[in-house]
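Asker: Given next are the chains, with one letter for each unit.
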Amino acid sequence: MSSVENLTGHGTAVHINTEHGHHEHHHHETFITKYVFSQDHKMISKQFLITGIIWAIVGGMFSVIFRLQLGYPNETFPFLEDLLGHWAKGGKLQPEFYYALVTMHGTILVFFVLTAGLSGTFANFLIPLQIGARDMASPFLNMLSYWFFFMASIVMASSLFVQTGPASGGWTIYPPLSALGDASMGSKIGMDLWLTAMSLFVISSLLGGLNYISTILNLRTKGMSMTRLPLTIWSLFFTAVLGVLSFPVLLSGCILLLFDRNLGTSFYLSDIVVQGTKILPNEGGSAILFQHLFWFLGHPEVYIILLPAMGMSSEILSVNSRKPIFGYMAMVGSLFAIAILAFLVWAHHMFVTGLNPLLGGFFVLLTLLIAVPSAIKVFNWLTTLWRGNIRFTPAMLFAIGFVSLFISGGLTGIFLGNSALDIHLHDTYFVVAHFHIVMGVASFFGMFAGVYHWFPKMYGRYLNNTMGYIHFWVTIIGAYLIFWPMHYEGLAGMPRRYYDYSIWESFKNFGGLNQFISFIAMIVFATQLLFVFNFLYSIFKGRKVTTLNPWGSNTLEWTTPIRPGHGNWPGEIPEVHRGAYDYAKDGREFIPQDEPVGENESHH
Amino acid sequence: MKDLLFVAIVIMFFVIIFQIAKASEYVSILKGEDKARKQNNKINAFFLVGFLVFGLIGVYWCHELYYGKTLFPQGSASAEGKDIDMMFKMTTLVTGVVFVITQVLLFYFGYRYQEKDDRKAYYFPHNNKLELLWTTVPAIFLTVLVVFGLKFWFKMTGDPIVKDKPLVTVEVTGHQFAWEFRYPGHDNVFGRKNFHLTSSKNSLGVDFDGDSAAARDDIHVTGEMHIPVNHPVKLVIGAQDVIHDVGLSHFRMKMDAVPGIPTTMWFTPIVTTEEMKKRTGNPNFVYELSCDQMCGAGHFSMRAIIVVETDDEYNKWLATKKPEYESFRPSAKKDSVTVKVDSAVKPMTASLIKN
Numbered sequence: 001m002s003s004v005e006n007l008t009g010h011g012t013a014v015h016i017n018t019e020h021g022h023h024e025h026h027h028h029e030t031f032i033t034k035y036v037f038s039q040d041h042k043m044i045s046k047q048f049l050i051t052g053i054i055w056a057i058v059g060g061m062f063s064v065i066f067r068l069q070l071g072y073p074n075e076t077f078p079f080l081e082d083l084l085g086h087w088a089k090g091g092k093l094q095p096e097f098y099y100a101l102v103t104m105h106g107t108i109l110v111f112f113v114l115t116a117g118l119s120g121t122f123a124n125f126l127i128p129l130q131i132g133a134r135d136m137a138s139p140f141l142n143m144l145s146y147w148f149f150f151m152a153s154i155v156m157a158s159s160l161f162v163q164t165g166p167a168s169g170g171w172t173i174y175p176p177l178s179a180l181g182d183a184s185m186g187s188k189i190g191m192d193l194w195l196t197a198m199s200l201f202v203i204s205s206l207l208g209g210l211n212y213i214s215t216i217l218n219l220r221t222k223g224m225s226m227t228r229l230p231l232t233i234w235s236l237f238f239t240a241v242l243g244v245l246s247f248p249v250l251l252s253g254c255i256l257l258l259f260d261r262n263l264g265t266s267f268y269l270s271d272i273v274v275q276g277t278k279i280l281p282n283e284g285g286s287a288i289l290f291q292h293l294f295w296f297l298g299h300p301e302v303y304i305i306l307l308p309a310m311g312m313s314s315e316i317l318s319v320n321s322r323k324p325i326f327g328y329m330a331m332v333g334s335l336f337a338i339a340i341l342a343f344l345v346w347a348h349h350m351f352v353t354g355l356n357p358l359l360g361g362f363f364v365l366l367t368l369l370i371a372v373p374s375a376i377k378v379f380n381w382l383t384t385l386w387r388g389n390i391r392f393t394p395a396m397l398f399a400i401g402f403v404s405l406f407i408s409g410g411l412t413g414i415f416l417g418n419s420a421l422d423i424h425l426h427d428t429y430f431v432v433a434h435f436h437i438v439m440g441v442a443s444f445f446g447m448f449a450g451v452y453h454w455f456p457k458m459y460g461r462y463l464n465n466t467m468g469y470i471h472f473w474v475t476i477i478g479a480y481l482i483f484w485p486m487h488y489e490g491l492a493g494m495p496r497r498y499y500d501y502s503i504w505e506s507f508k509n510f511g512g513l514n515q516f517i518s519f520i521a522m523i524v525f526a527t528q529l530l531f532v533f534n535f536l537y538s539i540f541k542g543r544k545v546t547t548l549n550p551w552g553s554n555t556l557e558w559t560t561p562i563r564p565g566h567g568n569w570p571g572e573i574p575e576v577h578r579g580a581y582d583y584a585k586d587g588r589e590f591i592p593q594d595e596p597v598g599e600n601e602s603h604h
Numbered sequence: 001m002k003d004l005l006f007v008a009i010v011i012m013f014f015v016i017i018f019q020i021a022k023a024s025e026y027v028s029i030l031k032g033e034d035k036a037r038k039q040n041n042k043i044n045a046f047f048l049v050g051f052l053v054f055g056l057i058g059v060y061w062c063h064e065l066y067y068g069k070t071l072f073p074q075g076s077a078s079a080e081g082k083d084i085d086m087m088f089k090m091t092t093l094v095t096g097v098v099f100v101i102t103q104v105l106l107f108y109f110g111y112r113y114q115e116k117d118d119r120k121a122y123y124f125p126h127n128n129k130l131e132l133l134w135t136t137v138p139a140i141f142l143t144v145l146v147v148f149g150l151k152f153w154f155k156m157t158g159d160p161i162v163k164d165k166p167l168v169t170v171e172v173t174g175h176q177f178a179w180e181f182r183y184p185g186h187d188n189v190f191g192r193k194n195f196h197l198t199s200s201k202n203s204l205g206v207d208f209d210g211d212s213a214a215a216r217d218d219i220h221v222t223g224e225m226h227i228p229v230n231h232p233v234k235l236v237i238g239a240q241d242v243i244h245d246v247g248l249s250h251f252r253m254k255m256d257a258v259p260g261i262p263t264t265m266w267f268t269p270i271v272t273t274e275e276m277k278k279r280t281g282n283p284n285f286v287y288e289l290s291c292d293q294m295c296g297a298g299h300f301s302m303r304a305i306i307v308v309e310t311d312d313e314y315n316k317w318l319a320t321k322k323p324e325y326e327s328f329r330p331s332a333k334k335d336s337v338t339v340k341v342d343s344a345v346k347p348m349t350a351s352l353i354k355n
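Listed in order, the protein sequences are those of chains A and B. At position 427 of the first sequence (counting the first as 1) the number is 427 in our numbering, and the numbers step up by one without a gap. At position 97 of the second sequence (counting the first as 1) the number is 97 in our numbering, and the numbers step up by one without a gap.
In case anyone wonders, no lab produced these hints; they're calculated from the structure. Worth double-checking, as some hints may not be accurate.
So these bits of chain A aren't anywhere near chain B, every CB distance computed over 10 Å [unchecked claim]:
hint: 1; residue: F37
hint: 2; residue: V58
hint: 3; residue: L84
hint: 4; residue: L206
hint: 5; residue: L269
hint: 6; residue: T277
hint: 7; residue: G298
hint: 8; residue: K323
hint: 9; residue: V378
hint: 10; residue: L397
hint: 11; residue: I423
hint: 12; residue: D427
hint: 13; residue: M467
hint: 14; residue: P596
hint: 15; residue: N600
Subject to a maximum C-alpha distance of 30 Å in a straight line, what follows is the list of computed BS3-like cross-link-like pairs (lysine-lysine) [unchecked claim]:
hint: 16; chain 1: B; residue 1: K201; chain 2: A; residue 2: K188
hint: 17; chain 1: B; residue 1: K35; chain 2: A; residue 2: K541
hint: 18; chain 1: B; residue 1: K316; chain 2: B; residue 2: K234
hint: 19; chain 1: B; residue 1: K35; chain 2: A; residue 2: K585
hint: 20; chain 1: A; residue 1: K544; chain 2: B; residue 2: K201
hint: 21; chain 1: B; residue 1: K201; chain 2: A; residue 2: K46
Just so it is clear, CB atoms sit at the ideal spot from N, CA and C, and this is done for glycine as well.
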């Protein structure tokens with residue numbers, strides 16, 4: 001499998017494909033080239049997935065630990081001291097480390113799990129399989145993308161073990177807090193490691209994203225026009241475009257921050273007196289500049305996380321309703337609209353920074369505009385279910401759960417996007433509830449849907465259904481129990497990122513609720529471990545897949561062998577004759593994309 | 001020991017679930033996979049509608065339990081906050097209707113159109129009229145919300161509206177992890193600051209020498225801000241070290257405190273602390289200023305109290321405060337004699353309140 005061929009052989013897709021067909025059986029693989037430095041997109045996707053799962057366990061564990069503090073602020077937990085040493089002296093989490101946990105929970109889940117673990121996994125896995133390509137445009141860059149992610153993971157993980165602790169200024173790392181070691185323990189070496197790790201992460205993301213884009217644009221099989229692409233591919237395409245255009249801005253922001261921290265520049269610093277008397281020489285910088293740079297990535301990032309989940313849910317809802325996705329073009333159009341708007345709304349995170357009110361007005365307008373394509377998507381999903389013949393596989397349940405959570409969390413966005421209301425709700429638990437539902441849990445549901453749906457293609461075995469159903473029901477009930485009441489805490493003005501509320505007359509009366517939330521969070525976390533167990537067990541011992549197309553799906557990945565080798569199709573790549581959603585058409589349950597259009601087939 | 005026991009119980013629980021899961025897989029093979037699948041389908045379809053019903057009951061119940069603990073029953077403590085509460089109600093109404101309709105349809109469709117042997121899915125790939133409908137209807141409702149939202153937003157972020165009572169200006173400065181307040185004194189003008197002048201005595205870095213007249217009557221208070229009821233209050237906000245945020249949830253107001261970039265915010269308190277004590281039935285009630293922007297290890301404890309009181313009480317309180325200049329530089333007393341005498345003898349000056 002050589003990348004050169006792919007990159008130079010632009011002539012026609014078929015030409016490339018046949019050439020690859022010849023090369024298929026020629027290469028010998030060692031353990032290292034097959035499992036470690038693999039250039040096979042399927043193996044790389046599994047590497048992303050498993051690394052993502054490990055990070056998800058770590059990030060989830062952190063939330064359980066800091067929820068212990070929030071739920072049981074007056075109790076001590078001796079095992080925490082065993083686990084964390086001086087960060088939990090006497091079994092009581094120290095405030096500094098509480099903030100470090102909160103920060104790392106956010107960083108890990110947003111970037112390492114829901115960006116790398118989600119789009120890294122499914123972009124790698126599905127793009128070549130669903131567009132009919134042997135591999136990515138550049139398998140080598142694809143491999144590098146994973147290994148940069150791996151290096152980023154190592155650096156980020158190492159920051160957990162330094163003496164002064166990891167970054168602790170929140171996942172948004174606003175300077176000056178993140179720039180001044182004197183202002184916070186977490187802003188010492190831990191912050192440098194955070195910035196280094198994120199820089200590596202951006203490189204990984206760019207290598208991956210450019211590859212996804214060029215693969216989708218150039219390596220589609222014969223007949224696979226852009227409008228015949230499954231919605232998964234469209235969503236992964238827009239995700240990659242968002243990443244390529246916005247991640248470099250984060251990189252620049254991080255580098256300027258590194259300069260401010262280590263080289264004495266003043267990009268973000270001005271008029272600062274630390275600890276009462278330590279006067280810094282920096283003048284002329286703007287702390288707000290960083291927020292603009294950060295959110296120029298940070299907001300598209302939300303959609304980088306959400307779009308793949310939307311795409312996969314669309315596909316899974318259609319397959320399991322045995323019905324075409326309703327309004328394919330509207331679905332593509334709304335993805336496009338969301339991708340464009342994603343770049344034009346970043347300052348809605350900054351309504352209370354002293355932003356020019358007129359500018360704020362434009363951002364309100366553009367932000368609430370996103371609700372229109374979102375509404376189109378929701379109604380189209382609902383119509384897809386309408387008069388279907390629905391199979392409730394675990395994947396389908398997670399896709400339905402995704403829609404439910406996307407509605408719940410999306411609607412609270414209409415509160416927060418309206419600047420006047422945001423003044424009151426900004427940085428309260430209302431925000432925490434909003435983004436956990438819409439971006440956190442919903443995207444996780446999309447990811448779970450994808451894992452349950454494509455696991456048979458990944459490993460040639462099924463996940464255990466019973467554990468899948470338990471996983472789904474506990475998770476959706478738990479997620480609502482955790483995050484729904486949080487809105488009320490926010491409406492009471494309760495600020496987020498507080499270690500202890502007991503000194504506050506206004507916020508201390510939610511003790512019982514906080515305890516309840518912490519308790520549910522632990523149960524939900526344990527249930528995720530059940531999923532991880534199911535995942536690992538099923539790789540080796542799961543029920544074997546015996547049919548090529550177990551879900552009766554139209555897309556190309558199900559035309560490959562049950563366990564496809566490197567190159568995906570042993571013979572020629574199938575030619576595509578129709579869109580991906582010909583379900584229930586002309587009285588047939590489904591018509592795969594590679595089936596030629598019949599003479600008497602109806603037109604729509 | 002207790003921890004170990006706990007871990008053991010959790011592991012046992014896992015093993016049991018795992019055994020059940022494995023057994024059910026064998027049973028499904030024995031029964032015939034298709035039959036088992038259909039059974040699962042029925043159960044899950046039933047669960048979906050159950051989830052919907054219990055979920056909606058739960059939403060209602062949650063509201064009953066916690067609405068009383070939010071800030072809405074006591075009402076906004078500022079005139080401007082009433083607009084925000086009204087905006088909140090409008091948005092809740094619109095989104096609430098959408099929420100119920102869409103969630104009911106989602107789970108009901110799931111239940112209603114579950115797989116049946118005699119059912120065939122309906123081929124329905126698109127319909128322009130429907131799509132146009134649910135593009136325009138949300139757009140119209142959103143336009144209404146945007147129009148009202150922006151109207152309130154521009155009102156709140158515009159210049160303070162001064163009607164019958166004069167504007168009161170207070171400077172708020174945040175640092176790790178406390179709040180400082182400065183009142184402009186008789187002349188109603190703040191003395192200029194220069195952060196290079198900051199010292200343990202002159203903690204705000206006020207330039208007493210260069211800009212003496214305006215600076216020397218400024219009053220510096222820590223931890224507690226007093227403001228008179230029904231006067232528009234303008235806060236000039238800054239920070240010394242990192243970004244903080246002046247969070248006034250009872251007044252529905254919030255503004256970041258950014259080092260190097262002063263920000264402002266204004267509101268009109270309409271309920272005194274004493275009245276609010278009665279209204280909430282909580283004798284310990286105080287208006288609290290919370291830091292709402294992550295600012296370091298002590299972020300959660302960065303608190304100040306705001307006392308809203310009548311003009312008389314406010315004047316009385318202000319009269320007890322001496323300009324900062326006197327307290328930290330006794331040798332300079334002579335220079336400020338006039339100011340001091342003035343404030344001692346005649347407290348009702350420009351910065352104080354006359355009705």
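Asker: If a hint holds in the structure, say so; if it doesn't, say that too.
Answerer: Do the hints match the structure? See the list:
no.: 1; hint: F37; in the structure: holds (34 Å)
no.: 2; hint: V58; in the structure: holds (18 Å)
no.: 3; hint: L84; in the structure: holds (14 Å)
no.: 4; hint: L206; in the structure: holds (29 Å)
no.: 5; hint: L269; in the structure: violated (8 Å)
no.: 6; hint: T277; in the structure: violated (6 Å)
no.: 7; hint: G298; in the structure: holds (15 Å)
no.: 8; hint: K323; in the structure: violated (4 Å)
no.: 9; hint: V378; in the structure: violated (6 Å)
no.: 10; hint: L397; in the structure: violated (6 Å)
no.: 11; hint: I423; in the structure: violated (5 Å)
no.: 12; hint: D427; in the structure: violated (4 Å)
no.: 13; hint: M467; in the structure: violated (4 Å)
no.: 14; hint: P596; in the structure: holds (19 Å)
no.: 15; hint: N600; in the structure: holds (15 Å)
no.: 16; hint: K201(B) / K188(A); in the structure: holds (29 Å)
no.: 17; hint: K35(B) / K541(A); in the structure: holds (23 Å)
no.: 18; hint: K316(B) / K234(B); in the structure: holds (20 Å)
no.: 19; hint: K35(B) / K585(A); in the structure: holds (26 Å)
no.: 20; hint: K544(A) / K201(B); in the structure: violated (76 Å)
no.: 21; hint: K201(B) / K46(A); in the structure: violated (61 Å)
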